[in-house]
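Using the sequences plus the hints, can you model the full thing?
Chains as they are written, first to last, in the numbering used here: chain A, 1 to 188; chain B, 1 to 93.
In case anyone wonders, no lab produced these hints; they're calculated from the structure. A portion of the hints provided could be inaccurate.
Said to hold, decoys possible - On the chain B side, residues computed to face chain A include the following (Cβ under 10 Å):
(1) PRO13
(2) GLY20
(3) GLU22
(4) ALA60
Model, not experiment: these values are computed from the prediction. Positions of the beta carbon are idealized from the N, C-alpha and C atoms, including for glycine.
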Amino acid sequence: MADLPRADPWRGLALPQLPGLLTLTPHGDAARLSLRGEAASLAPLGAALGLVLPTTPCRAATSGTRAALWLGPDEWLILTPPDDPVRDTLAAAIPAGAGALVDISHRQAALTISGPAATEVLNAGCPLDLDPCVFAVGMCTRTICGKASIVLWRQAMETFHFEVGRSFAAYAAGLLSAAARLAARRAG
Amino acid sequence: MLLIPCPYCGPRPEIEFSYGGEAHLARPRDPAACDDAAWGDFLYARTNPKGIHAERWRHAHGCGRFFNALRHTVSDQFLITYRIGAPRPEIAA
Ligand SMILES: [Zn+2]
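Below, the structure written as structure tokens:
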């Protein structure tokens, strides 16, 4: 098979930036693993990852550059740098018939969305209540943004990790740009 | 926007959910043993109440899990949601 160069899903797309209000940064190449596991196997899976897999709904756990995001009662999204060998370690830690690990690195593309206008811009397409009392720092979830299914993770009060299917990158960029124009107008 | 309490994620916007029809319908263990009336009832007959309805929902754009809910079909109010496998809660109208 031909060795095709990997295309950056955000290349050529205008990402909105509002000085002092909003910054959008492509996350860059990352390894993404979809991990399914039952309660009995969480300890060895966590040990392989070097963190405790969160069992509280909608919470993320991090260790260094690795993150485990709770997506469902037996489902996590693992985010880590592309050269991290943890995929093989993790695969070996899954008890036979009691879990699954799927490499979805290139299914999704991610942005870091930050700034005082981040919640306003996200809420143009995402129906979640992003008040920090409801969606606190460290919380994550699958949700929607307009017509796109996304994973949203609040990394800091005004900083969000935004994962979207890579074929939706242009759609997400357009939606967020339109929202940013409104936010800029409102800020005067 | 209507909020639906997912048994796992808590109250979330309705748009994240998909509807799964009436709950607690058990497929006959041996369909071939059913007569046409019994099989037809399983496939098509629904309680369709004016009042409290037990129904399946899926938090499709969230935790992805199916769960059951008691919803009032007149007011559209969700009275309670509960996990798959749990019995239908006793709730008066
Ligand atoms: Zn849920």
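Quiz item: Should the interface hint for GLY20 (chain B) be scored as holding, given a Cβ-Cβ cut-off of 10 Å against chain A?
Solution: violated (16 Å)
Quiz item: Would the hint on PRO13 (chain B) stand, with a C-beta cut-off of 10 Å toward chain A?
Solution: holds (4 Å)
Self-check item: Status of the hint placing ALA60 (chain B) at chain A (closest C-beta pair under 10 Å)
Solution: Holds, about 9 Å.
Quiz item: At a threshold of 10 Å, is the proposed contact between GLU22 (chain B) and chain A supported by beta-carbon distances?
Solution: Given a least distance of 24 Å, the restraint on GLU22 (chain B) is violated.
Checked against the numbered hints given earlier, the structure breaks hints 2, 3 and satisfies all the rest.
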